[in-house]
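S.K.: Chain by chain, the residues:
Number of protein chains: 4
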Amino acid sequence: MKIIKIAYIGGGSRLWAQSFMRDLALAEGIGGEVALYDIDIPAARRNQQIACRLQALPQAVSRFTYTVATSLDQALIGADFVLISILPGTFREMDSDVHAPESFGIYQSVGDTVGPGGVLRAMRTVPIYEGFARAIRRCCPEAWVLNLTNPMSACVKALYDTFPRIKAFGCCHEVFHTQDFLCCVLREMTGVQAQRRDIYTDASGINHFTWMTEARYQEYDLLSLLPGFMEKYFETGYYEHGPADQWEHDYFAYGNRVKMDLFRRYGALAAAGDRHLAEFLPGAWYLASPETAHSWHFSLTPVSYREQNQAKKEAEAAAMASGAVPVTLAPSGEELVRLLRALCGLDMVVSNVNLPNAGQMPGLPLGSIVETNCVFTNGLVKPVVAKPLPAGALALVQRNCANIDLLCDSIKQRDLNGIFAAFAAQPLCDGLSLRDARTLFDTMCRNTEACLAPYFH
Amino acid sequence: MKIIKIAYIGGGSRLWAQSFMRDLALAEGIGGEVALYDIDIPAARRNQQIACRLQALPQAVSRFTYTVATSLDQALIGADFVLISILPGTFREMDSDVHAPESFGIYQSVGDTVGPGGVLRAMRTVPIYEGFARAIRRCCPEAWVLNLTNPMSACVKALYDTFPRIKAFGCCHEVFHTQDFLCCVLREMTGVQAQRRDIYTDASGINHFTWMTEARYQEYDLLSLLPGFMEKYFETGYYEHGPADQWEHDYFAYGNRVKMDLFRRYGALAAAGDRHLAEFLPGAWYLASPETAHSWHFSLTPVSYREQNQAKKEAEAAAMASGAVPVTLAPSGEELVRLLRALCGLDMVVSNVNLPNAGQMPGLPLGSIVETNCVFTNGLVKPVVAKPLPAGALALVQRNCANIDLLCDSIKQRDLNGIFAAFAAQPLCDGLSLRDARTLFDTMCRNTEACLAPYFH
Amino acid sequence: MKIIKIAYIGGGSRLWAQSFMRDLALAEGIGGEVALYDIDIPAARRNQQIACRLQALPQAVSRFTYTVATSLDQALIGADFVLISILPGTFREMDSDVHAPESFGIYQSVGDTVGPGGVLRAMRTVPIYEGFARAIRRCCPEAWVLNLTNPMSACVKALYDTFPRIKAFGCCHEVFHTQDFLCCVLREMTGVQAQRRDIYTDASGINHFTWMTEARYQEYDLLSLLPGFMEKYFETGYYEHGPADQWEHDYFAYGNRVKMDLFRRYGALAAAGDRHLAEFLPGAWYLASPETAHSWHFSLTPVSYREQNQAKKEAEAAAMASGAVPVTLAPSGEELVRLLRALCGLDMVVSNVNLPNAGQMPGLPLGSIVETNCVFTNGLVKPVVAKPLPAGALALVQRNCANIDLLCDSIKQRDLNGIFAAFAAQPLCDGLSLRDARTLFDTMCRNTEACLAPYFH
Amino acid sequence: MKIIKIAYIGGGSRLWAQSFMRDLALAEGIGGEVALYDIDIPAARRNQQIACRLQALPQAVSRFTYTVATSLDQALIGADFVLISILPGTFREMDSDVHAPESFGIYQSVGDTVGPGGVLRAMRTVPIYEGFARAIRRCCPEAWVLNLTNPMSACVKALYDTFPRIKAFGCCHEVFHTQDFLCCVLREMTGVQAQRRDIYTDASGINHFTWMTEARYQEYDLLSLLPGFMEKYFETGYYEHGPADQWEHDYFAYGNRVKMDLFRRYGALAAAGDRHLAEFLPGAWYLASPETAHSWHFSLTPVSYREQNQAKKEAEAAAMASGAVPVTLAPSGEELVRLLRALCGLDMVVSNVNLPNAGQMPGLPLGSIVETNCVFTNGLVKPVVAKPLPAGALALVQRNCANIDLLCDSIKQRDLNGIFAAFAAQPLCDGLSLRDARTLFDTMCRNTEACLAPYFH
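Protein chains in written order, with my numbering: chain A, 932 to 1388; chain B, 932 to 1388; chain C, 932 to 1388; chain D, 932 to 1388.
Keep in mind that the hints were calculated from the coordinates and are not lab data.
Bear in mind that the values here come from a model prediction, so they are computed numbers and not experimental data.
Be careful, since some hints might not be right.
Derived pair list, reagent style DSBU-like, types lysine-lysine, alpha-carbon separation capped at 30 angstroms [claimed, not checked]:
#	chain 1	residue 1	chain 2	residue 2
1	B	1318	D	1163
2	C	1318	A	933
3	D	1318	B	936
4	A	1244	A	936
5	C	933	A	1318
6	B	1163	B	1318
7	D	1343	B	1318
8	C	1098	C	1318
9	A	1098	C	1318
10	C	936	C	1163
11	C	1098	C	1343
12	D	1098	D	1343
13	A	933	A	1243
14	A	1098	D	1343
15	D	1244	D	936
16	C	1318	D	1343
17	B	936	B	1163
18	C	1098	A	1318
19	A	1163	A	1318
20	C	1098	C	933
21	C	936	B	1343
22	B	1318	D	1318
23	C	1098	C	936
24	C	1244	C	936
25	D	933	B	1318
26	A	1098	A	933
27	D	1318	C	1343
28	D	1318	B	933
29	B	1098	C	1343
30	B	933	B	1098
31	D	1318	D	1163
32	C	1318	A	1343
33	C	1318	A	1318
34	B	1243	B	1098
35	C	1343	B	1343
36	B	1318	D	1244
37	B	1343	B	1098
Going by beta-carbon spacing under 8 angstroms, a handful of chain A positions derived as facing chain B [stated by the list, open to error]:
#	residue
38	1216
39	1319
40	1322
Note that CB positions come from ideal geometry on N, CA and C, so glycine has one too.
Assemble the whole structure, with the sequences as input and the hints as a guide.
M.R.: Shown next as structure tokens:
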């Protein structure tokens, strides 16, 4: 059994930390310590208690003890792996990110990656990540660092910019959902049942705006099934994890009509939830208004919903932590533990993650953060060269990639002029006059100034 | 004296042909034949008559005889130089290009380069240029080919795509106007008088969206004078060829406020007329409405004005041709004859032209058509490596360059799906819903279908 | 069970065909037809008979029938896979390739890849491969093409140059031997036993001159064990498949002293047999004379030995074909069938093969044929981006890669001047005066003129 | 008149400093101060006295006063231009550089650029240049720095590596001699007389191993005249500055037979003296022995001759300084002052210099030091994109460029292992066994250890 230490920054998180703790309890061949670190120490303690109960279940396979670290360095020293999933700022800031632009006619379905919300979120996240990178260099320079926080590209870029020899990559599950969608396409068109891990997809681009250029299951070329599928389902929409109209009452569901529309126009399958995809494209296309979004079969997620949801999740967590509610173990479907085991030498996995472009992504600059398949094996992560995107899709990706690079470089230099240039160049801001763009940017900065000290001293 | 044959395709043109004929009459060290070819033969004959009178003036230095060719091949056989300045289609088509989008809220100040009008114009021009390239390969493969027609990038790309060994480049005078503007800046800020050919500028980017990163006259760094200049003139605007408010009654004038605004935000000086620059940027910035354009101190040029103007110019030309009005000789300020003399070995000139990127334009793909300085000398045109653009400006150029490449590749393959992708991706279309974009594209195609046979068979 | 048709060009071959037939008989999940094509029809028939016996053995798992095709097209029509292992020319030509240079002081241990012998062999092989590529385009454009013939890079390049959409790659087992060597290193230094497929290596470069930059087994960084290993074994040498002095009586054995010497000087492990490696380097280093080679613990393989060996193998084959000698089944250790099964969707494999550089090999030109890891899965081969080579090693590889590209381009154009430039630039020719280089080249061309008709018409 | 300060490091030099002082005295439009700095202060004083006499001549046009600086910083502070021409070490070291390799059969015609001598010279020069770069950053970061010292590429690279924003370039006159040679070719083949500045050449590659791909004078394509010229003169040789056999008694003369041989084989004209060219190529080609060199019509320059020559030049200098011998003014034919005047805004010049590759040199890595044409104008140096070299010539240049980059990176890190890798990879060392290469390297290091302290602490 391989003994490892895992540091979890943002160790009080509900979403990522709890699914990770479950998968970890079910993992064969590894054991050791998980050090939870969080600025919300009670949340970390709660997760520690839950983990303790999970590890005590009879189905638990691995042996892990959980500690709560009271400082970042304490968590990191001796770590073999570092996971990072934080909320930069609070929902108060996210409320501004998502909703302040609405008075200028800019609607965001998520608001954490690109668009005005993504820019502001990057502004408050990157300086924090610069600090993480310095701490990792200081405490555990050889550790593998798995980032889960959005905006993904900016976070990963900040880690590499600050500590170029860092062994970091960024994990996201959006591509997996599109793989699930393709399994549905296969089933609907041929009756054949497949699991997402049984199909091979060549996904490439940037995080939340990746595209599939090839997808195969046995003798099936899955992309070639799409035109027929779309004849049947384009109008009604189709959702891989529920009924087609689930988006009407589930803020995270969508009908895949954006994805199908893009496929028809560009010849490649955009591989993220429609709520994400829409934000990388001109505002007038899919997000001109809430009604436009609805006509494409997805909704805008209000931050108030996230807050309520969080309160609910916290209550559940507290109940699990206290033992008032029993904890249960089942695989989450995520890949984190699978990648971690592969890095430990227990498996070989090909999965899509975010890394600086070293040649794997044709058409994007070397050094930009790109998402492609990588081979994970004993102590190594090796990017796989992606098939070139169709020219039309590539142009859309290039535009966003250039904006992200401009944004990150400007943030790094605390250059508000460059940051505003990146803000105004967001596709979601396409309909904004320069005056309005400036007013909105200033407003959003003011709304979140508590988290923007690095820029306003 | 160097004896040469020049073929002029579009030899009935008023603007370019007539200024060229004047400069040619004044050129030292060269002589020979100019073969005018035009589908409007009377217009070519008229220019022949005017040229005959010009050459007969006492100030005429060179010896050139002018002929009217009745076929393209007749003009090209034996040619050392080929000039091309054509109007692809008629003003009827241009009227659709420029004004059809207005009912969708898209306003174009020129409409011949990018934006919806530029896309449609490229669709009807490129197939014609493919024919020119084949004729040049057949008749005069060693000739130098100077293109003057818009959309410049698409025309030059079509020539190289069809006949890769062609010796072609594209000439445009927009950068010269910005050099004039910089001379004004120098005079206003220091009292020093300079001529545009006395200053050195490093201009780079793509045609009509070039940017100056360096500009020097003697000990003066001209770009460093701009902040002070803008303090004085940003509000009122400033026009290099007339009073600041000339734009109010001159459709081709502008107050350079767009240029100054871009300089403030991106740190480099966009080097074309504001009417062109605005079309490369999101429609909401400078072209949201005629009023927005006016607030930035430029107007939208209606095609009806071009028609009236043309009628007037034709009457003038007829009068000159018939001898009813005397012809006069004065340098035009254009560079065509200067470049031509340099290629004949009579001079060495550095001037900005459009060529496939062979390394001269950092940040844009190799092979894309770019505009940078080149050294012109005896039989050679050698691109000069440009200083890298600031990241914000580069991102704007990259977006347009990718659109042009997508458009050209799709036109080459007569792929309407790809062409529409490029259409919808135009910055001027940024505010357009997908449905409206499709409707507009279809309408514009229908309006000009007489010229779009290659796509609709 | 997946039913496939495999065309085997050079289907009378003993080495590759026979190990392939054995592995194929042992393969699970596939079946169908193997069409053997060879200009030596009796040899193909003999292999057919042997295969028939192999398939009849009780251990045989798959169901394959073997046919002998009487024309190339007959073999190719309907093929899903095409394997090519041919001897370009005869041993008569190879005798000239290997031994003619000896009178000029150039000694070759193999003589089939680079050096004077490799150049001449490429000259007679490439035109044949151009024919294969045309036949594949004509008969089975979607087939996967596995090349086994040397010179590997030139063969694969000829396939892609002639039919750019071909799905071809080149397979070689030299890296596997170095993996075996690393298993020995591990065992000698730690006592731990591992199989080569259990270790992960990042090998990159060009065929027969690949280098390992990373090699891991469980927690062991295998390259870091090498300095200690070399302290013990550098003087005596070490052979992964037998005693250290086996090279003294086995023309294919070697003591790995070249490899260890290169590791000491360049910090990466050259990953091919020493007999191959030495030929990519200046002749004075390891091949100044037979004695120099011996001092590095390898021998020069005389072609006469290959001839005797062939006669022996033919007799064995005949005996097996006729049933005079029983046939037996055991895995060969090769990867061909494993890759083929992966392409059928029955496995996922990472293995090193030769492909045009699409970004996987930093420091070599795009389009050059490079050898790196690739992911093989259902219908797809995806190159993995290699870790950059140390600068010193990269310079050595670049030199040879440039020579190969020059050679291939010149052969394609039947340009003897360019071919001679590549000949004179071979590292093995480094000590040759220009006059001698020319004399030698002319002699070698004359010796093999029966196979060089494409150049001398 | 433009008033400038010029710092001359190595200001006691005879060759470069004295021709510079003459050209400077003849320069129109500039004046000011020249600060001579040299570790040999008396030599600097002598030059000061000579300069004083030169400026006093009636033909002197400019007004410059000469000072002798007693420290580097004193020379640099306030400088607008910095010229550097130093002898790294003494002739004692150069004697080892050039002659120590002879006992291993390696003959060098110059020994200051590549080959064993070039490597050792780079080892002692680069650390000095790192110091210069730091001093320039400290004292005059905006100054233009003109390097004249060999090895040119290593010196320029050291300046940019140490101070990336430096405005430095390297000047060399070898290309000019080849331009003179082409004027001779023109005269011999057509009777037409031309001066080298009247022809335009596209020269590219690396210093002392540049190649001309185009050369034009009026209607003449000069390279196309070479085949006819070579029919007449290849056997006898031809020298542009004297009779064909001048090399027999002049150590700096040569018969251009190397250049003609390379042209015949590679289709481009190598553009440096044959003595330099031969050193970039395998030792067996042109430098196998003194007799081989003689057969190609050039000699090996013994360092003893340089010493005698220096003594003679010093005596002459002393005589001029004291007034015992009159000083005279005539243009040197060098370009330094012409470039300097262009940078002052008084001229526009296209000339070949050495700069980091920013795209001007296709086929070599970005950042490597390359020699191509550049446009010199008011305050700007802009590289001109070179025509791609023929593949065979490019491969030869790439090999040397990779060696230089490896050498410079290794020197920068004081990594003797990497330096030795670059040493052994020199084409002139191609015939050397590894043992001999090591022995020679160690010997040469020991011979010059007084200057190699940075490596041996």
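S.K.: Give a verdict on every hint.
M.R.: Cross-check of the supplied hints:
1. B:1318 - D:1163: violated (46 angstroms)
2. C:1318 - A:933: holds (26 angstroms)
3. D:1318 - B:936: holds (27 angstroms)
4. A:1244 - A:936: Holds: residue 1244 (chain A) and residue 936 (chain A) sit about 27 angstroms apart, inside 30 angstroms.
5. C:933 - A:1318: holds (26 angstroms)
6. B:1163 - B:1318: holds (29 angstroms)
7. D:1343 - B:1318: holds (27 angstroms)
8. C:1098 - C:1318: holds (25 angstroms)
9. A:1098 - C:1318: holds (14 angstroms)
10. C:936 - C:1163: violated (50 angstroms)
11. C:1098 - C:1343: holds (20 angstroms)
12. D:1098 - D:1343: Holds. Residue 1098 (chain D) to residue 1343 (chain D) sits at ~20 angstroms (cutoff 30 angstroms).
13. A:933 - A:1243: violated (37 angstroms)
14. A:1098 - D:1343: Status holds; Cα separation ~26 angstroms.
15. D:1244 - D:936: holds (27 angstroms)
16. C:1318 - D:1343: Holds - the C-alpha atoms of residue 1343 (chain D) and residue 1318 (chain C) are around 23 angstroms apart, at most 30 angstroms.
17. B:936 - B:1163: violated (50 angstroms)
18. C:1098 - A:1318: It holds: about 14 angstroms lies between the C-alpha atoms, which stays within 30 angstroms.
19. A:1163 - A:1318: Answer holds: residue 1163 (chain A) to residue 1318 (chain A) is near 29 angstroms, not above 30 angstroms.
20. C:1098 - C:933: holds (20 angstroms)
21. C:936 - B:1343: violated (38 angstroms)
22. B:1318 - D:1318: Roughly 20 angstroms between the alpha carbons, so the hint for residue 1318 (chain B) and residue 1318 (chain D) holds.
23. C:1098 - C:936: With a Cα-Cα distance of about 16 angstroms, the restraint between residue 1098 (chain C) and residue 936 (chain C) holds, given a limit of 30 angstroms.
24. C:1244 - C:936: The given pair, whose Cα atoms are some 27 angstroms apart, holds under the 30 angstroms limit.
25. D:933 - B:1318: holds (26 angstroms)
26. A:1098 - A:933: holds (20 angstroms)
27. D:1318 - C:1343: holds (23 angstroms)
28. D:1318 - B:933: holds (26 angstroms)
29. B:1098 - C:1343: Answer holds: residue 1098 (chain B) to residue 1343 (chain C) is near 26 angstroms, not above 30 angstroms.
30. B:933 - B:1098: The hint holds at about 20 angstroms.
31. D:1318 - D:1163: holds (29 angstroms)
32. C:1318 - A:1343: holds (27 angstroms)
33. C:1318 - A:1318: Holds - the C-alpha atoms of residue 1318 (chain A) and residue 1318 (chain C) are around 20 angstroms apart, at most 30 angstroms.
34. B:1243 - B:1098: Status violated; Cα separation ~36 angstroms.
35. C:1343 - B:1343: At roughly 28 angstroms apart (the allowed maximum being 30 angstroms), residue 1343 (chain B) and residue 1343 (chain C) satisfy the hint.
36. B:1318 - D:1244: The given pair, whose Cα atoms are some 44 angstroms apart, is violated under the 30 angstroms limit.
37. B:1343 - B:1098: holds (20 angstroms)
38. 1216: holds (5 angstroms)
39. 1319: Since chain B brings no Cβ nearer than about 12 angstroms to residue 1319 (chain A), farther than 8 angstroms, the hint is violated.
40. 1322: Interface hint status for residue 1322 (chain A): holds (5 angstroms vs cutoff 8 angstroms).
Checked against the numbered hints listed earlier, the structure breaks hints 1, 10, 13, 17, 21, 34, 36 and 39; every other hint is satisfied.
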